[in-house]
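Between the sequences and the hints, there should be enough to build the whole structure, so can you do that?
Residue numbers (this note's numbering), protein chains in the order written: chain A, 5 to 271; chain B, 325 to 596; chain C, 16 to 409.
Hints are computed from structural coordinates only; laboratory data are not their basis.
Be aware that a few hints might be false.
No more than 20 Å apart at the CA atoms, straight line, and that leaves these computed lysine-lysine pairs for PhoX-like [to be verified]:
(1) B:LYS461 <-> C:LYS383
(2) A:LYS122 <-> C:LYS138
(3) C:LYS262 <-> B:LYS461
(4) C:LYS87 <-> C:LYS207
(5) B:LYS374 <-> C:LYS383
(6) A:LYS125 <-> C:LYS383
Okay, the calculated bits of chain B under chain C, using three or more residues with CB under 8 Å as the criterion [what the hints assert, rightly or not]:
(7) 359-372
(8) 433-441
No residue lacks a Cβ here, since even glycine has one placed at the ideal position from N, Cα and C.
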Amino acid sequence: MRPTRRIAPTAVIWLLIAFGYFFIPLIATFLFSLKSNQTGHCCTAANYSWVVHSSAFWHTLKISFLLALETIAISLALFVPTIYWVHLRVPKLRPVIAFLALIPFVIPPIVMVVGLLKFFKGTPSWFYAQPWGFLAGAYVILAFPYMFFSLDAGFRSIDVHTLTEASQSLGARWGTTLVKVILPNIRSAALAGSFLTLAIVMGEFTIANLSAFNTFPIFIQYVNESQGFPAASLTLLSFGITWAAMLSLLVVGRKRGQRAAVVAGAR
Amino acid sequence: MTLPFFAYTLLFMFLPAGSVLIGAFEGTTHGYTMSNVTTLFHHPYIDAFKTSIEISGTTALIGGAVGLAVAYAAIREGTPRWVRSALTTFSGVAANFGGIPLAFAFISTLGPLGIITVFGRNHGWDPTEHGFNLFSKTGVELAYMYFQLPLMILVIAPAIDGLRKEWREASSNLGASQLQFWRYVGVPVLMPSLLGAIILLFGNAFAAYATAYSLTAGTVNIVPILIGAYYSGNVLNNPHLAQAMAFGMFAVLAVMMVLYIPLQRRAARWAK
Amino acid sequence: MEDHEEQEVEFWRKLREEGMSRTQMLKRSVAAAAGLTVLSGSGAAWARGAAVAPPLKGKGFSMKELIAESKKEGHLNTIALPPDWANYGEIMSTFQKKYGIGITNDNPDGSSAQENQAIVSLKGDSRAPDVVDVGPAFAVSGTAQGLYGKYFVSEFSTIPRSMKDTRGYWWGDYWGAISIGYNQNLISNPPKTFADLLKPEYKGKVAMNGSPLTSNSAVSGVIAAALANGGSTSNVGPGIDFFAKMKSSGNYIPVGTTSATVASGQTPISIDWDYNNLAYIAEFPAARWAVNIPADGVYGGYYAQAINATAPHPWSSRLWEEFLYSDQGQLLFLKGFAHPARFNDLAKRNVIPKALLTALPAASIYAKVKFASLGQQTAAKALIATQWPSKVGS
Numbered sequence: 005m006r007p008t009r010r011i012a013p014t015a016v017i018w019l020l021i022a023f024g025y026f027f028i029p030l031i032a033t034f035l036f037s038l039k040s041n042q043t044g045h046c047c048t049a050a051n052y053s054w055v056v057h058s059s060a061f062w063h064t065l066k067i068s069f070l071l072a073l074e075t076i077a078i079s080l081a082l083f084v085p086t087i088y089w090v091h092l093r094v095p096k097l098r099p100v101i102a103f104l105a106l107i108p109f110v111i112p113p114i115v116m117v118v119g120l121l122k123f124f125k126g127t128p129s130w131f132y133a134q135p136w137g138f139l140a141g142a143y144v145i146l147a148f149p150y151m152f153f154s155l156d157a158g159f160r161s162i163d164v165h166t167l168t169e170a171s172q173s174l175g176a177r178w179g180t181t182l183v184k185v186i187l188p189n190i191r192s193a194a195l196a197g198s199f200l201t202l203a204i205v206m207g208e209f210t211i212a213n214l215s216a217f218n219t220f221p222i223f224i225q226y227v228n229e230s231q232g233f234p235a236a237s238l239t240l241l242s243f244g245i246t247w248a249a250m251l252s253l254l255v256v257g258r259k260r261g262q263r264a265a266v267v268a269g270a271r
Numbered sequence: 325m326t327l328p329f330f331a332y333t334l335l336f337m338f339l340p341a342g343s344v345l346i347g348a349f350e351g352t353t354h355g356y357t358m359s360n361v362t363t364l365f366h367h368p369y370i371d372a373f374k375t376s377i378e379i380s381g382t383t384a385l386i387g388g389a390v391g392l393a394v395a396y397a398a399i400r401e402g403t404p405r406w407v408r409s410a411l412t413t414f415s416g417v418a419a420n421f422g423g424i425p426l427a428f429a430f431i432s433t434l435g436p437l438g439i440i441t442v443f444g445r446n447h448g449w450d451p452t453e454h455g456f457n458l459f460s461k462t463g464v465e466l467a468y469m470y471f472q473l474p475l476m477i478l479v480i481a482p483a484i485d486g487l488r489k490e491w492r493e494a495s496s497n498l499g500a501s502q503l504q505f506w507r508y509v510g511v512p513v514l515m516p517s518l519l520g521a522i523i524l525l526f527g528n529a530f531a532a533y534a535t536a537y538s539l540t541a542g543t544v545n546i547v548p549i550l551i552g553a554y555y556s557g558n559v560l561n562n563p564h565l566a567q568a569m570a571f572g573m574f575a576v577l578a579v580m581m582v583l584y585i586p587l588q589r590r591a592a593r594w595a596k
Numbered sequence: 016m017e018d019h020e021e022q023e024v025e026f027w028r029k030l031r032e033e034g035m036s037r038t039q040m041l042k043r044s045v046a047a048a049a050g051l052t053v054l055s056g057s058g059a060a061w062a063r064g065a066a067v068a069p070p071l072k073g074k075g076f077s078m079k080e081l082i083a084e085s086k087k088e089g090h091l092n093t094i095a096l097p098p099d100w101a102n103y104g105e106i107m108s109t110f111q112k113k114y115g116i117g118i119t120n121d122n123p124d125g126s127s128a129q130e131n132q133a134i135v136s137l138k139g140d141s142r143a144p145d146v147v148d149v150g151p152a153f154a155v156s157g158t159a160q161g162l163y164g165k166y167f168v169s170e171f172s173t174i175p176r177s178m179k180d181t182r183g184y185w186w187g188d189y190w191g192a193i194s195i196g197y198n199q200n201l202i203s204n205p206p207k208t209f210a211d212l213l214k215p216e217y218k219g220k221v222a223m224n225g226s227p228l229t230s231n232s233a234v235s236g237v238i239a240a241a242l243a244n245g246g247s248t249s250n251v252g253p254g255i256d257f258f259a260k261m262k263s264s265g266n267y268i269p270v271g272t273t274s275a276t277v278a279s280g281q282t283p284i285s286i287d288w289d290y291n292n293l294a295y296i297a298e299f300p301a302a303r304w305a306v307n308i309p310a311d312g313v314y315g316g317y318y319a320q321a322i323n324a325t326a327p328h329p330w331s332s333r334l335w336e337e338f339l340y341s342d343q344g345q346l347l348f349l350k351g352f353a354h355p356a357r358f359n360d361l362a363k364r365n366v367i368p369k370a371l372l373t374a375l376p377a378a379s380i381y382a383k384v385k386f387a388s389l390g391q392q393t394a395a396k397a398l399i400a401t402q403w404p405s406k407v408g409s
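Next comes the structure, spelled out in structure tokens:
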């Protein structure tokens, strides 16, 4: 067996390329964010302080973050059982659902929001007028393609039939099987889907805007259009905050996964 | 177990989407007409579809290939574990980094006064003199990579996990080179997930709007920008034509799916 | 003296002093607008069913009663009003302070189409916009769709005929002319005309406020270019050809100007409405922005006010319109470098402070301004829609 403790050289090359491509534009943004509005040159923290002292920043950030968590919870609860069932019992349905998963891409948000607003107009205001109702409902659909393809890749990489049979032969019912056996095995896929959903909600502008809600991306857009240098600070701050949120999701996910019983498959 | 799912998609996706697709066939006065859809085959609309498909295809394929390479580099044996965590979380953020901030970041880097452009100019090689133009289809593709690459990384990583390291060892024991491993073992095993990921990337780029708009003020002619212009811009106003364009997008993606299903079935034959 | 009259005197005094720097005032307006966007909820006044119906004519109606009924509603929903556009930031904060009525400003960078759509899609909801500020084409189509309510502001008769709907559905509030703004740090030789912009020294430097397919300002830029190149308001082809030439020489960069691109110098030259370009001067001192109105193509455009027919706060809507068309409101537009609709009337009565007039480019240039009729605008947009993507697009 060839010892593979050290990192492969080709891996280093690819990782460096990725690092350069991703970070240089961020560095360029950072350099602009340090410029002062008065002199046009380095260096001042005034742009960051403007953002951090803006009450709209904190208020909209909280709303969007909670909305993201809600969307993730609903999406997982809705999609995991469905995809599990399809892989287990009804594989022929898989291409159908894959096709459905492309529909949110086809209908541009601009057009979709009008349809949604028209359709849900008569509904009670605790749903229609609240981001937790109307907007979350729409975001679950937006997250659908990403959740589906992530979870699908995850389900493919495990042996669904063996796991299920083993679990049921040990006396577990469907609920237990799903939560205690299947879910830990698709942890990385579920996390990937959750990351994407979090990022989508923290970045979705059009639907929130046209249905007159006030979320974090709307604040970002407003600052980008009307402020000069603070826009660059806000970009980096929002990038950093979303990244931190994902790292915390990762930690939470890892903690639960420690107790996972791995039966077949995996490494 | 699937009933809640179908009920939800019916309520939140089909019915609103349906009203849009039906609207594609409505005329400005009452009644139904094919004229909106037939208009799509003329300039500039057909050009928009061509450009959209080109950009989406290019970024899906290149993003797919590079994303696979980077993801594999981060996950394989020998790479420290923190690299993977950092990469996947970063990708989660970058996958949705778009619109004005992304355009601004790229203009600040590769625009006429961007840091790399100025650096090159000061050191004797001016990119703009050699034909590079950020505000073009190529520039848009370059910017799109910023969210296509991370998307690929995120989606393909769980599949790479399924690529057992025993297979790699076994293949090298049997004398195969890296390339042969990939060609006969790696890629075929990953193929179903690869195809799914590339379709996802295509759809993602196809529907993207804000980045191309901010970067080129709409001069790169793609379908979502035209839809925005006809549906809710300050200038033009023809919602039914916009809905017809949405219908056109639907048709393109439907064709992709029709191609995907038999390809995927062939690829899945390899798996158990 | 009554409370609001006292405030009016205070306003004149402040105007004459100009003690506060414009940046500070703008910053405060922005903060106020942003804060209030977040903090204010919306009243359920719509459901109340007022005992007295809102009036049709402002003239002759008791201002005191209007204010009292509006205060009962307690709120106003506006839409698509960027705070740094024609001084809307200060207009909104002055209104709020003067009458104690909170404003929620939705979608500050929205388009006219989105404003009309919001009236339709949010109908009956307390978040629906009460008043809109739209381009003339959308004012006309909105009226045709029955989106607006009839109202005659007190000063209706002093609004130019060409800028209002005689049935009372919409009224022009301000107009501006297309201008060329530039960053003096990066541009040593100021461009004064459209012809100047073709010079090779401006390669990679000229931008517009968006794309002519979606931005009214950009369409107007194309029409102004047409006027400068042998075309007219009914023949904008030469304008499109001008931009095609600029694109192929590399002078025109198709980036949409924003505050960030101006402040950072990424768009050293911007073709935009005069009120936008002139506002940048004080907003971004580091950019050392300066503005010229191109003498070879002086093209003007106006925007129009309208009240939502199903407004959740019909009284506050009317109070807002009265405020905008009062001398105080119109001069606030002028402070934002936009010509108010009642400019001629105000000038005739000598109520315009000299400081505001000198802050604008010379009146002699404005005297040459040409407006396009609605029919001409529609034809221009149609031509741009078909020719721009192939001639200027890539």
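Here is how each hint holds up against the structure:
1. B:LYS461 <-> C:LYS383: violated, 40 Å
2. A:LYS122 <-> C:LYS138: holds, 10 Å
3. C:LYS262 <-> B:LYS461: Status holds; Cα separation ~14 Å.
4. C:LYS87 <-> C:LYS207: Violated, at roughly 52 Å.
5. B:LYS374 <-> C:LYS383: Violated, at about 44 Å.
6. A:LYS125 <-> C:LYS383: violated, 49 Å
7. 359-372: Since three or more residues must qualify, the claim that chain C covers the region 359-372 of chain B holds, with 4 doing so at under 8 Å.
8. 433-441: holds (count 3)
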